[in-house]
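Asks: Now for the letters of each chain:
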Amino acid sequence: MIQVLFFGPVADRVGSRALQADHRCGMSLQSLHDEVSALYPQAFALVCFVAINGEQVRDMSQLLEDNNEVAFMSKFSGG
Amino acid sequence: MKAAVRIQLEDFSQDEEIAALKASSKRMGGIATFLGCARDFSEEREVAEISFDAYGSMALSEMNKLRSDAIARFNLLDARIVHRIGTVKGGDNIVFIAAGAEHRVAALDACRWMIDELKQRVPIWKKEITAQGESWVVPHP
Chain A
1 MIQVLFFGPV ADRVGSRALQ ADHRCGMSLQ SLHDEVSALY PQAFALVCFV AINGEQVRDM
61 SQLLEDNNEV AFMSKFSGG
Chain B
1 MKAAVRIQLE DFSQDEEIAA LKASSKRMGG IATFLGCARD FSEEREVAEI SFDAYGSMAL
61 SEMNKLRSDA IARFNLLDAR IVHRIGTVKG GDNIVFIAAG AEHRVAALDA CRWMIDELKQ
121 RVPIWKKEIT AQGESWVVPH P
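Chain order of the listed sequences is A and B. Using this note's numbering, the letters of the first sequence correspond one by one to residues 1 to 79. Using this note's numbering, the letters of the second sequence correspond one by one to residues 1 to 141.
These aren't lab readings, by the way, just hints derived from the structure by calculation. There's no promise every hint is true.
[Unchecked claim] Between beta-carbon pairs, the in silico distance windows are: (1) Cys48/A x Ile129/B: 48 to 58 Å; (2) Gln30/A x Ala19/B: 46 to 56 Å; (3) Ser42/B x Gln30/A: 33 to 43 Å.
Bear in mind the structure is a predicted one, so any value in this text is a computation, not a measurement. We put the CB at the ideal spot given by N, CA and C, even for glycine.
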């Protein structure tokens, strides 16, 4: 199972802060992104950053492991 | 002593943070600080409150990396970063950054660099709450 996290404006548009996705062998970050963004296109219009287990990832071909935590995030506005 | 890098609901004391920084070394000849505050007016609207959302574990990890990077990059003697979450009102403190070095140039440059990097790297989002409604803040350059 993959734990998918949303924060701030993305969470508002999804209507939730988290959901779970089934893990499949050979599943890439891009395939998870495509599956979830198809469900919430308005939320994913804001997504600029992706993190796996709290580490920002730019290579969307990276493979996911079971129990990974994946966050799809908009631009940050702290400070 | 409080940790040098924190995310917290409650307000912080600049005096306590500076005292903690100074206590780390007597070679410190310059300390530069940045205090970020909540504005009560933005985008032509009165702002009643600002609320924060954060990816807490990643935000804390990134802030710790940011401190370590700044210490290495600017040869600092020490640095501290505190960011509030929850809800704040106009005039309230949001973020405090302090950089201590042997000389002023490194301290000033590091302080500016840390707040600029924090805005780029740390997963925290702010939402302005006004009489007209709520809106997430679009990052400023």
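Asks: Now, for every hint given, state plainly whether the structure supports it.
Replies: Checked hints:
no.: 1; hint: Cys48/A x Ile129/B: 48 to 58 Å; in the structure: violated (24 Å)
no.: 2; hint: Gln30/A x Ala19/B: 46 to 56 Å; in the structure: holds (49 Å)
no.: 3; hint: Ser42/B x Gln30/A: 33 to 43 Å; in the structure: holds (36 Å)
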